[in-house]
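Chain by chain, the residues run as shown.
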Amino acid sequence: MAGLAALSLALLGKIGYHSFGFSRSKAVESSMKIRNFCIIAHIDHGKSTLADRILERSGAITEREMQAQFLDDMDLERERGITIKASAVSVRYQLDGEDYMLNLIDTPGHVDFHYEVAKALQACEGALLVVDATQGVQAQTVANAYAAIEAGLEIIPVINKIDLPSARSDEVAEEMEQVLGIDALSCVRISAKSGLGINDLFRAICLKLPGPKGDANLPLQALIFDSKYDEYRGVIVYVRVINGRISMGQKIRMMGQQRVYQITAMGKFAPKTTAVPALAAGEVGFFVANIKALGDVTIGDTVTDVNNPAVEPLAGYRPPKQMVYCDFYPGPDTQYTQLREALERLRLNDSSFTFEPENSDALGFGFRCGFLGLLHMEIVQERLEREQKVQVVQTAPTVPYEVVLNDDTVKTIDSASELPDPSKLKEIREPMIRANIIIPGENIGDISKLCQDRRGVYRKTEYIGPQRVILEYDLPLAEVIFDFFDRLKTATRGYGTLDYNFLGFKADDLVRMDILVNGQAIGALSLIVHKSKAESRGRAIIRKLKTEIGRHLFEVPLQAAIGSRVIARETISAMRKNVTAKCYGGDVSRKRKLLEKQKEGKKRMKQVGRVEIPQEAFMAVLEPGE
Amino acid sequence: MSFATPSALHLPLSPRAGEFYDLPHPTRQGAISDIAAIYIHIPFCTVKCHYCDFFSVADHLNQAPALLTALNTELRLQIQHFGSINPQTIFIGGGTPTLLSPVLLQNLMNMLHQHLGLSALNEFTIEANPNTFDAERAKVLQAAGVNRISFGAQSFVPGELLALQRDHNPQSVAQAVQFARDAGIDNINLDLIFAIPGQTRQSWDYSLDQALALSPQHLSCYSLMYEPNTPLTARLKAGQIQAAPESLEISMVEHTHCKLTAAGLSRYEISNYARPGRECRHNLHYWHSSNHLALGPSAWAHHDARRWKNVPSINRYTAALLADAPRVPIVEMEHLTAAQYAGELAMLQLRLRTGLHWREFQNRTGIDAVQKLSQVLQKYDGLGYLEVSPQHLALTNQAMIVSDTILADVLAAFG
Ligand SMILES: Nc1nc2c(ncn2[C@@H]2O[C@H](COP(=O)(O)OP(=O)(O)OP(=O)(O)O)[C@@H](O)[C@H]2O)c(=O)[nH]1
Ligand code: SF4
Ligand SMILES: [Mg+2]
Numbered sequence: 001m002a003g004l005a006a007l008s009l010a011l012l013g014k015i016g017y018h019s020f021g022f023s024r025s026k027a028v029e030s031s032m033k034i035r036n037f038c039i040i041a042h043i044d045h046g047k048s049t050l051a052d053r054i055l056e057r058s059g060a061i062t063e064r065e066m067q068a069q070f071l072d073d074m075d076l077e078r079e080r081g082i083t084i085k086a087s088a089v090s091v092r093y094q095l096d097g098e099d100y101m102l103n104l105i106d107t108p109g110h111v112d113f114h115y116e117v118a119k120a121l122q123a124c125e126g127a128l129l130v131v132d133a134t135q136g137v138q139a140q141t142v143a144n145a146y147a148a149i150e151a152g153l154e155i156i157p158v159i160n161k162i163d164l165p166s167a168r169s170d171e172v173a174e175e176m177e178q179v180l181g182i183d184a185l186s187c188v189r190i191s192a193k194s195g196l197g198i199n200d201l202f203r204a205i206c207l208k209l210p211g212p213k214g215d216a217n218l219p220l221q222a223l224i225f226d227s228k229y230d231e232y233r234g235v236i237v238y239v240r241v242i243n244g245r246i247s248m249g250q251k252i253r254m255m256g257q258q259r260v261y262q263i264t265a266m267g268k269f270a271p272k273t274t275a276v277p278a279l280a281a282g283e284v285g286f287f288v289a290n291i292k293a294l295g296d297v298t299i300g301d302t303v304t305d306v307n308n309p310a311v312e313p314l315a316g317y318r319p320p321k322q323m324v325y326c327d328f329y330p331g332p333d334t335q336y337t338q339l340r341e342a343l344e345r346l347r348l349n350d351s352s353f354t355f356e357p358e359n360s361d362a363l364g365f366g367f368r369c370g371f372l373g374l375l376h377m378e379i380v381q382e383r384l385e386r387e388q389k390v391q392v393v394q395t396a397p398t399v400p401y402e403v404v405l406n407d408d409t410v411k412t413i414d415s416a417s418e419l420p421d422p423s424k425l426k427e428i429r430e431p432m433i434r435a436n437i438i439i440p441g442e443n444i445g446d447i448s449k450l451c452q453d454r455r456g457v458y459r460k461t462e463y464i465g466p467q468r469v470i471l472e473y474d475l476p477l478a479e480v481i482f483d484f485f486d487r488l489k490t491a492t493r494g495y496g497t498l499d500y501n502f503l504g505f506k507a508d509d510l511v512r513m514d515i516l517v518n519g520q521a522i523g524a525l526s527l528i529v530h531k532s533k534a535e536s537r538g539r540a541i542i543r544k545l546k547t548e549i550g551r552h553l554f555e556v557p558l559q560a561a562i563g564s565r566v567i568a569r570e571t572i573s574a575m576r577k578n579v580t581a582k583c584y585g586g587d588v589s590r591k592r593k594l595l596e597k598q599k600e601g602k603k604r605m606k607q608v609g610r611v612e613i614p615q616e617a618f619m620a621v622l623e624p625g626e
Numbered sequence: 001m002s003f004a005t006p007s008a009l010h011l012p013l014s015p016r017a018g019e020f021y022d023l024p025h026p027t028r029q030g031a032i033s034d035i036a037a038i039y040i041h042i043p044f045c046t047v048k049c050h051y052c053d054f055f056s057v058a059d060h061l062n063q064a065p066a067l068l069t070a071l072n073t074e075l076r077l078q079i080q081h082f083g084s085i086n087p088q089t090i091f092i093g094g095g096t097p098t099l100l101s102p103v104l105l106q107n108l109m110n111m112l113h114q115h116l117g118l119s120a121l122n123e124f125t126i127e128a129n130p131n132t133f134d135a136e137r138a139k140v141l142q143a144a145g146v147n148r149i150s151f152g153a154q155s156f157v158p159g160e161l162l163a164l165q166r167d168h169n170p171q172s173v174a175q176a177v178q179f180a181r182d183a184g185i186d187n188i189n190l191d192l193i194f195a196i197p198g199q200t201r202q203s204w205d206y207s208l209d210q211a212l213a214l215s216p217q218h219l220s221c222y223s224l225m226y227e228p229n230t231p232l233t234a235r236l237k238a239g240q241i242q243a244a245p246e247s248l249e250i251s252m253v254e255h256t257h258c259k260l261t262a263a264g265l266s267r268y269e270i271s272n273y274a275r276p277g278r279e280c281r282h283n284l285h286y287w288h289s290s291n292h293l294a295l296g297p298s299a300w301a302h303h304d305a306r307r308w309k310n311v312p313s314i315n316r317y318t319a320a321l322l323a324d325a326p327r328v329p330i331v332e333m334e335h336l337t338a339a340q341y342a343g344e345l346a347m348l349q350l351r352l353r354t355g356l357h358w359r360e361f362q363n364r365t366g367i368d369a370v371q372k373l374s375q376v377l378q379k380y381d382g383l384g385y386l387e388v389s390p391q392h393l394a395l396t397n398q399a400m401i402v403s404d405t406i407l408a409d410v411l412a413a414f415g
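Protein chains in written order, with the numbering used here: chain G, 1 to 626; chain E, 1 to 415.
Same shape as in the complex, but just chain E:
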């Protein structure tokens, strides 16, 4: 890369060569060079939820055909660069990918089939919002090999959905799940949010009950985050809503853990619960820092200690890829140092209940984590936060709710 960091803000609409970073060349430095996973970002939504800070836009569905064409080009360029790609997992997220019409969805599927090797594929997930999902889409997806659907249920209480400005009603979730099952897609995740303003322990318990009644294989339970520059945060700052009290939130975390464990879903990551064997393999690739490519505006990829991001703009993304000399519009590019890479790997693996395995860690990073973390281990010794064995290190359930504090120490230890 010969250029100074391009700032996303100062890029003109039609980029000229050199204004974006080049795709990095595989180095095999400290990482597995195979591309394990592919993420595809579809940045359209019906309305913008008030807490959302993903890159997605409402009312721009007319740009979808152009976007798909651009995606097709991006995929082609990536393959030209990295050679053939045989991912183990594909994840289509957003946004709301199921907002695409069945025809466009079919186009997207065709494109993936055309370019990717799918012999190694063992998990193919798409995100869906309950009210954008139907039998027809389910059929298209199933036929293309999609075997997992992640629904944004968030809550089963209408008032809470309203507080979040979600545009679906609770009943639509069950129906959407049914469409998926009827089409033969039986690996279902539901996203849920707790610590919503106005939510009580009882109402959270009710949402959990409703979710469990649908027998999902996987539940993601996120505490509501007040991200900067979202309407929700603005309302919080303006005093129009009140954040859930800390003690309530903590009791919700504990309750979630007890209840879901009892229901046969175990917590394998800070916010994720699954039936045995139904952990999200795609996300596990993230938490193990596997190489993954990411297509679409604003998507972040990771390959051999490089992390890069596409431009977070539909116009600029399509302009770059539909130009005469098309380019992957990369606007951020990080080359991680060995220490950064190790710290990041520890930070990610420690989100998982399985934690970090000393030997594997050393093999991948060349760094002896036992020695690096000796002071951290000493600091937390006897407090019940760390699970340490000769093989591994993991955060206990109790530690997960304060994981940022602990992970900051861990990261600092790698220098």
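Bound conformation, chain G alone:
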């Protein structure tokens, strides 16, 4: 599963960062043994809950301080019950009279945030691979397990939720052996919720995971595995020291960026921030060094000492690729400049999305933004509205395309409106992915059909135990971001899971389809579609638009067209009557509130010519054809 990391998706910047009330602690005594590990799993298999138990049982936090999924400290994480950002934390543990420093990183499970996992893996020697005893091996279990193996980590297989009556721990252990080649007998069985089996797990962590191998006497090499923006301190850099020591006041150089800084503060998370004078080889922590913007720090870069530099940088990571694009336009109460400032501020916290100015006839000035995946896109939008207090009108997501011009030059475009004139075009290439889909055996027929409908190319089927299979398909990414996941879930009654990695770009019979509202083509609704699907997609989009766009005082024709050929049309009939017959002294208040409510609705509308288009309409492109 090489290349998983390339597709993987992430929000940089968070990593559990609690209060900044530094409490002093001595540097780790040299006698202390260090274990660096991350917790990886499929979504919801219990990583964050396990992290809770580790924090609690090690005494890092008291019962009173405890709240479920302690490390999920973003509002969005708590509300959605998912982890978005990896969180690093250090705890102490005593086993058989020995002191251990356990540095753990809780990672997100969602496919969009693979990149977070990839970053975490580089900072560790071990991984707890958690599998839900009722769900068994799932798509992200496989993806993350391979990524950990590839990164050379020692894996402790953990079967979680054994407290549930529907737990089938033995079968799940078998599955792990069969699919991942992990010895079924080595699985640690726990309940992260009740704490059952946690002591065995601590024992395994201390005894089975290797300690860091680095040498504190060599020149400094520290891996930057994450960063976060803090309003007061600027960028906080998370490092794993591989060799040498990093200490307060030290002058350091980032080897990739070739920038020099002086360290002004450093510490660890335990899980409160705790100041330390230095971090030695094997340790994980953070430093602050007067760094103004996240962009100044490259994740995967190596930190070394200015005066005693290392000869070579560490291996680092490939930066994540934006695979989903959409436009953000300012909503009615938001100015363009406000939106730009909001995007700039959010980027300080999440450097994994991109934005560039965009100008659309219909929607005016806005931004073309790139994301790691659909969930990432949704989260960025929500954070803009919530944390930056701007209103955003969002267009439907699309994938990037490569176009080959007649002179054989290749250009990457991220929206249909950038498509050159067809006469100049040799071919259009779309991004392809390799999908691993884990489903109950009885759903093979349905899911194969779904993949085929989505222009998938079958590769292979593998069995996991008697009842479940892994289907491998190569699919156009555009077909996957578009309602694929929902269909998979529906067809498998929620049991199907999906993971994918990027393969490359491939030419196909792709055309540009325009959507016209009241005779005017709406650039933000244009899309690139496969020729065989244009008509049904066109019809579905128009039908959806018809339900989303309200009646106006005139007829509003809607059309889908390829070039000048109209392939679908509908008309929104005119509003002919909309009147309140009575409005006397006792009706005024109610009437005003009614109109005010309509006004709220208008806030999410865009005026295109004389037509008001609600934000939802710009997502109509996602409507599946028949």
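One or more hints might be untrue.
[Unchecked claim] Below, in silico cross-link-like pairs of lysine-lysine (BS3-like), each with a Cα-Cα straight-line distance of 27 Å or less: (1) E:Lys-379 to G:Lys-602; (2) E:Lys-259 to G:Lys-577; (3) G:Lys-599 to E:Lys-379; (4) G:Lys-533 to G:Lys-546; (5) G:Lys-506 to G:Lys-533; (6) G:Lys-602 to G:Lys-577; (7) E:Lys-372 to G:Lys-577; (8) G:Lys-272 to G:Lys-292.
Read the hints as simulated data drawn from the structure, not as lab findings.
Fit chain E with the ligands to the known structure of chain G by using the hints.
Same frame as chain G, but now just chain E with the ligands:
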């Protein structure tokens, strides 16, 4: 007001001090501080019409004496608070105020004469249902200064009255009008309803003819509204009746306009037609957002950008006012922001054919409506919906039937 919004639902029957809002203090912010109009709500009816969502009850006439006593107290408290009141118009509505016996009506009239200054009064209206009106009542009212009666005629077709569950027959309207005229009250309005299930263009035309034959000074023609929680709406939802087709309703609106204009009644508001000079002055006060007090259960008052509502319950209304420490039982209180006030004023004035006058609007609100509405004007430019001049803005006749759409834009423009 120190209390959190009291919810009408959670108030106990006998209110203690503090459970109601206080009467607001005049601010003179953005409004004319004089009280131009008084509304009095009499919440009794013989039966409940199926389309009605006014606060009124059938079979509770025995509570009328207590209600009048409470009204008297409320009036006293209001005067204590606002000082002497010299309204230009009084409107007694309901409900069916003429359901009160002549004696009670006389009491009500005495009360108004006792408390109010009537030197400025130029219009005094009472609502009446045709079958609750007689010569005796007419006489009492005329003697007290009532000079306008608004009759709920609704339709002259028996089947349509039945569909609405009105309890009068068509002939009673002419008779009631005659009682009024005989007593010397010559300013007559008839309320009519169109788009009744089963109604045709012809039958509507017939009702209009019958109404015109009575030479009213004023006609209110309302399209039937299906208000939530009414039996009519329940019947509609249950499929027992069918709403009039939109195109029929539209043609009725157009026909009404043509016919009444030809008969010398001009449309001065979305649903109201009058002979020259006979526009309802009381209602004009509403549409110009003048200050008005409102007495009785469920009544809404407006004063200096405050709007408030009395409790919509006869029991709680009387209990509050007949208590040892009587209080006006206000259960809703709105303080309009400057923008809300301006938007509301525009929304109301644009219901009128005379529309909104830029200068007057600016004087009253401090807001330049020309500038605020520039985008709206642009949006509707050339479509024939707006009448715009350097002095004013008004909806055209054609626009009135889609006025909610336009007014939503207008309101939005004031932010
Ligand atoms: N019964 C039971 N429920 C558990 C156990 N561990 C976790 N859960 C529940 O499983 C759900 C998901 O737990 P999380 O810890 O948020 O899972 P996660 O793997 O961190 O999820 P993501 O970060 O979104 O990938 C929560 O409702 C937990 O309460 C367990 O041992 N037993
Ligand atoms: S007479 Fe008027 S107030 Fe009474 S129920 Fe009928 S419509 Fe309602
Ligand atoms: Mg989690």
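Has the given pair, Lys-506 (chain G) with Lys-533 (chain G), been kept, meaning a C-alpha gap of at most 27 Å?
Within the cut-off at roughly 17 Å; holds.
Straight-line Cα separation of Lys-372 (chain E) and Lys-577 (chain G) no greater than 27 Å?
With Cα atoms ~26 Å apart, Lys-372 (chain E) and Lys-577 (chain G) stay inside 27 Å; holds.
Regarding the pair Lys-533 (chain G) and Lys-546 (chain G), is the alpha-carbon distance no greater than 27 Å?
20 Å, holds
Straight-line Cα separation of Lys-272 (chain G) and Lys-292 (chain G) no greater than 27 Å?
24 Å, holds
Would you check the hint for Lys-602 (chain G) and Lys-577 (chain G), treating anything up to 27 Å between C-alpha atoms as holding?
19 Å, holds
Straight-line Cα separation of Lys-259 (chain E) and Lys-577 (chain G) no greater than 27 Å?
Holds, at roughly 20 Å.
Measure nothing beyond the straight line between the CA atoms of Lys-599 (chain G) and Lys-379 (chain E); if it is 27 Å or shorter, mark the hint as holding.
16 Å, holds
Given the hint that Lys-379 (chain E) pairs with Lys-602 (chain G), test it: the Cα-Cα distance must not exceed 27 Å.
At roughly 14 Å apart (the allowed maximum being 27 Å), Lys-602 (chain G) and Lys-379 (chain E) satisfy the hint.
The structure is consistent with each of the numbered hints, conforming to all of them.
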